[in-house]
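**Student:** One letter stands for each residue in the lines below.
Number of protein chains: 2
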Amino acid sequence: MSTYNVSISTTAQKKPKPSQDQVPFGTVFTDHMFMMDYEPEQGWHDPRIVPYAPITLDPAAMIFHYGQTVFEGLKAYRADDGRILLFRPEKNFQRLNQSSDRLSIPPVDEERVLDHLMKLLDIEKDWVPSTEGTSLYIRPFIISTEPNLAVGPSRTYTFMIILSPVGSYFAGGIHPVTIHVEEQFTRATKGGTGMAKTAGNYSSGYQAQANAKKEGNADVLWLDGVEKKYIEEVGSMNIFFKINGEIITPALTGSILKGITRMSIIELLKSWDMPVTERKISIEEVYRAFADGTIEEVFGTGTAAIISPVGELNWQGRKITINNREIGEISQRLYDTITGIQRGKLEDPFGWVVELNENIQSGSNLYSS
Amino acid sequence: MSTYNVSISTTAQKKPKPSQDQVPFGTVFTDHMFMMDYEPEQGWHDPRIVPYAPITLDPAAMIFHYGQTVFEGLKAYRADDGRILLFRPEKNFQRLNQSSDRLSIPPVDEERVLDHLMKLLDIEKDWVPSTEGTSLYIRPFIISTEPNLAVGPSRTYTFMIILSPVGSYFAGGIHPVTIHVEEQFTRATKGGTGMAKTAGNYSSGYQAQANAKKEGNADVLWLDGVEKKYIEEVGSMNIFFKINGEIITPALTGSILKGITRMSIIELLKSWDMPVTERKISIEEVYRAFADGTIEEVFGTGTAAIISPVGELNWQGRKITINNREIGEISQRLYDTITGIQRGKLEDPFGWVVELNENIQSGSNLYSS
Chain A
1 MSTYNVSIST
11 TAQKKPKPSQ
21 DQVPFGTVFT
31 DHMFMMDYEP
41 EQGWHDPRIV
51 PYAPITLDPA
61 AMIFHYGQTV
71 FEGLKAYRAD
81 DGRILLFRPE
91 KNFQRLNQSS
101 DRLSIPPVDE
111 ERVLDHLMKL
121 LDIEKDWVPS
131 TEGTSLYIRP
141 FIISTEPNLA
151 VGPSRTYTFM
161 IILSPVGSYF
171 AGGIHPVTIH
181 VEEQFTRATK
191 GGTGMAKTAG
201 NYSSGYQAQA
211 NAKKEGNADV
221 LWLDGVEKKY
231 IEEVGSMNIF
241 FKINGEIITP
251 ALTGSILKGI
261 TRMSIIELLK
271 SWDMPVTERK
281 ISIEEVYRAF
291 ADGTIEEVFG
301 TGTAAIISPV
311 GELNWQGRKI
321 TINNREIGEI
331 SQRLYDTITG
341 IQRGKLEDPF
351 GWVVELNENI
361 QSGSNLYSS
Chain B
1 MSTYNVSIST
11 TAQKKPKPSQ
21 DQVPFGTVFT
31 DHMFMMDYEP
41 EQGWHDPRIV
51 PYAPITLDPA
61 AMIFHYGQTV
71 FEGLKAYRAD
81 DGRILLFRPE
91 KNFQRLNQSS
101 DRLSIPPVDE
111 ERVLDHLMKL
121 LDIEKDWVPS
131 TEGTSLYIRP
141 FIISTEPNLA
151 VGPSRTYTFM
161 IILSPVGSYF
171 AGGIHPVTIH
181 VEEQFTRATK
191 GGTGMAKTAG
201 NYSSGYQAQA
211 NAKKEGNADV
221 LWLDGVEKKY
231 IEEVGSMNIF
241 FKINGEIITP
251 ALTGSILKGI
261 TRMSIIELLK
271 SWDMPVTERK
281 ISIEEVYRAF
291 ADGTIEEVFG
301 TGTAAIISPV
311 GELNWQGRKI
321 TINNREIGEI
331 SQRLYDTITG
341 IQRGKLEDPF
351 GWVVELNENI
361 QSGSNLYSS
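Going down the list, the protein sequences come from chains A and B.
Residue 7 in full-length UniProt numbering sits at position 7 of the first sequence, and the numbers go up by one each step.
Residue 203 in full-length UniProt numbering sits at position 203 of the second sequence, and the numbers go up by one each step.
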């Protein structure tokens with residue numbers, strides 16, 4: 001099946017597979033993983049599929065000290081007929097290279113790593129769950145491995161792909177959440193790393209997220225780091241607003257992650273003759289739209305939740321309710337369409353879906369209960 | 001010697017020690033390291049000194065994905081009489097806990113980890129080099145170890161201390177460098193992680209530093225992320241200016257690292273009746289001071305270089321020369337005084353120096369040539 005060579009060493013001791021709906025996100029991993037290494041003389045080399053196992057690094061490996069690392073997140077879905085489908089995976093590897101560029105990490109061959117991923121998925125296909133809302137989460141990542149405390153790019157790297165079966169992100173389907181508009185902490189600023197999928201962008205938000213959760217909010221809405229005025233993204237999702245008939249999402253000005261779900265929603269809405277305006281949108285504009293009754297829907301978008309409707313915003317102690325805390329019409333239609341395309345239930349006029357291969361067996365019955 | 005219990009397992013195979021002056025920074029490590037672990041039920045536990053060796057982590061360990069990690073850097077110096085001296089080490093562990101607070105990492109007992117460090121140094125004392133400008137670099141760090149891809153604080157952590165003998169930072173003593181004033185990239189913004197010593201702050205600067213070096217600059221001077229107007233720090237050092245008799249350093253407004261050398265220099269200058277003004281200083285002010293001939297000295301400060309005089313600044317294509325590219329009087333006096341105190345050559349009226357213990361043998365002759 002594979003166009004590119006990859007060495008394969010399989011495990012004799014396969015793990016029991018968990019119940020499809022009871023897996024906490026990102027805590028169970030499959031039997032195998034993909035690895036390859038980089039050094040300047042050989043470039044990326046030694047691609048291999050090996051049993052999932054701990055990795056060994058020098059305590060001075062640069063990943064532990066200076067955060068030179070990038071990652072991606074995508075999913076494999078099981079269609080009702082047993083086929084395994086990926087959603088625009090080439091976009092993830094494109095973005096991985098864009099993130100790597102920002103972090104001074106050498107690029108991978110996008111076509112080749114996608115091929116390696118397909119080979120890994122072929123070996124692990126029994127791990128792709130089948131019930132509604134479940135999927136096999138795919139985490140490609142690159143870590144800097146040179147043992148060196150001098151601040152500067154590593155000479156060596158390891159690229160890995162690990163796989164994790166995940167249950168439904170929202171038990172019982174999507175439901176609107178309450179979001180705190182963050183004033184104290186900053187996620188990213190133009191000229192920083194906000195557009196890259198790199199480790200430091202995530203832990204920097206933990207304090208704000210913990211504070212928000214203490215007060216009953218599901219997550220935070222980040223404002224721009226310069227004026228604390230313009231909306232950037234929510235938690236680790238992009239965000240959309242429908243105000244007076246106009247669908248708006250913050251423009252990619254350099255500090256916002258270029259979401260693949262975001263991109264797909266923009267294309268989908270355009271195909272429905274509901275174009276999205278990508279522009280600056282201030283939190284004041286959103287609150288004015290609430291005051292004059294023109295705010296219709298707000299929703300976050302990302303690989304994990306696909307669509308996460310926002311039912312309430314909390315800014316400077318002022319709460320506003322969106323669409324009566326109900327799922328909006330556009331939110332629901334987008335969710336149904338994207339998840340329908342992803343799972344092969346709906347036609348895919350965009351050519352977004354990539355099938356693992358045409359002759360694999362249905363593995364859904366191999367799952368325990 | 002130790003007040004606190006720590007298990008010790010020593011190596012039978014000691015490494016050859018490198019030549020004192022030819023060690024590239026941060027690439028050679030001693031025979032042993034310190035480790036302890038954290039989990040919610042036990043807190044920090046199992047403090048141990050073990051042979052320096054690779055560590056093993058699950059590929060899903062959170063350090064590889066979300067950057068939840070902090071570190072410190074300090075040095076042990078060998079005095080001419082063989083004593084081993086540390087410079088304000090308690091300040092490093094205070095700052096470690098401040099960084100941990102920002103990154104949602106549980107604090108360590110500062111007194112206890114300093115005691116553990118002393119025990120480790122006692123075992124590794126032969127690794128502390130003795131020639132001018134050399135030292136044993138100490139790198140305490142904490143990594144998040146829980147295997148979990150859900151974005152949020154780890155439940156488990158490992159704290160480690162590794163030691164690396166380092167040669168003279170500047171061969172032949174300090175010399176003024178050329179610095180590029182960065183306009184495109186941003187290091188940190190208020191509300192971000194700029195005041196914390198955390199991995200993501202360092203790799204985010206690699207692209208700017210590489211661009212600056214291509215054009216012959218030694219490093220970059222970071223401006224504030226909001227207005228790109230006010231000076232923050234240079235590379236990974238704090239910065240001082242002497243303009244028309246006034247010594248100025250950027251105030252700690254939340255995005256600048258609270259340097260221990262910076263703090264010591266402020267205290268030292270105050271003791272000389274040359275107080276430092278901690279305030280906002282714009283790059284325009286510095287260029288105006290050049291134009292009217294009032295700029296006297298510019299220097300960076302940090303643990304690695306202690307004092308790094310700036311001989312030239314490069315901003316928007318305009319180069320200015322500071323003090324004729326010569327080491328300024330204050331820069332030299334500060335360097336001589338701080339390094340003199342650190343190495344026990346000068347009296348320490350501030351109580352900054354902590355001696356390893358009073359009865360250790362001189363290990364300097366144990367070094368290979």
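Everything labelled a hint here was simulated from the structure, so no lab data went into it.
No experiment lies behind these values; they were computed from the predicted model shown.
Check each hint, because a few of them may be wrong.
If several chains are the same, the list does not tell them apart, and a pair holds so long as it fits within one copy or across any two.
[As the list claims (entries may be wrong)] As a list, the in silico DSSO-like pairs of lysine-lysine whose alpha-carbon atoms are at most 30 Å apart:
1) Lys319 - Lys91
2) Lys213 - Lys280
3) Lys17 - Lys280
4) Lys213 - Lys319
5) Lys14 - Lys258
6) Lys190 - Lys17
7) Lys319 - Lys15
8) Lys270 - Lys91
9) Lys270 - Lys213
10) Lys15 - Lys228
11) Lys280 - Lys14
12) Lys15 - Lys213
13) Lys17 - Lys258
14) Lys214 - Lys228
**Student:** Within, between, both or neither: how does the pair lysine 17, lysine 280 come out at a Cα-Cα threshold of 30 Å?
**Tutor:** This pair counts as neither: shortest intra-copy Cα distance 46 Å, inter-copy 58 Å.
**Student:** With 30 Å as the alpha-carbon cut-off, assign the pair lysine 319 and lysine 15 to within, between, both or neither.
**Tutor:** neither (47 Å within a copy, 63 Å between copies)
**Student:** Should lysine 213 paired with lysine 280 be assigned to within, between, both, or neither, using CA atoms and 30 Å as the limit?
**Tutor:** Within one copy only: 27 Å inside, 35 Å across.
**Student:** Could you figure out if lysine 319 and lysine 91 sit no more than 30 Å apart (CA to CA) within one copy, between two copies, both or neither?
**Tutor:** Neither. Shortest intra-copy (37 Å) and inter-copy (42 Å) distances fail the 30 Å Cα cut-off.
**Student:** How would you label the pair lysine 214, lysine 228 (within, between, both, or neither) given a Cα cut-off of 30 Å?
**Tutor:** This pair counts as within: shortest intra-copy Cα distance 22 Å, inter-copy 34 Å.
**Student:** Cα distance capped at 30 Å. Does lysine 213 pair with lysine 319 within a copy, between copies, both, or neither?
**Tutor:** Result: close within a single copy only, 15 Å intra versus 49 Å inter.
**Student:** Have a look at lysine 280 and lysine 14 and pick one of within, between, both or neither, based on CA distance no larger than 30 Å.
**Tutor:** neither (50 Å within a copy, 61 Å between copies)
**Student:** Classify it for me, lysine 15 with lysine 213: is the Cα-Cα distance of at most 30 Å met within a copy, between copies, both or neither?
**Tutor:** neither (35 Å within a copy, 50 Å between copies)
**Student:** State whether the alpha carbon distance between lysine 14 and lysine 258 is at most 30 Å within one copy, between copies, both, or neither.
**Tutor:** neither (37 Å within a copy, 50 Å between copies)
**Student:** Taking 30 Å as the upper bound on the Cα-Cα distance, should lysine 190 and lysine 17 be classified as within, between, both, or neither?
**Tutor:** neither (44 Å within a copy, 46 Å between copies)
**Student:** For lysine 270 and lysine 213, with the copy left unspecified, which applies at a CA distance of at most 30 Å: within, between, both, or neither?
**Tutor:** neither (35 Å within a copy, 45 Å between copies)
**Student:** At most 30 Å between alpha carbons: which applies to lysine 17 and lysine 258, within, between, both or neither?
**Tutor:** Neither: 34 Å inside a copy, 49 Å across copies.
Hints 1, 3, 5, 6, 7, 9, 10, 11, 12, 13 from the list above are not met by this structure, while the remaining hints are.
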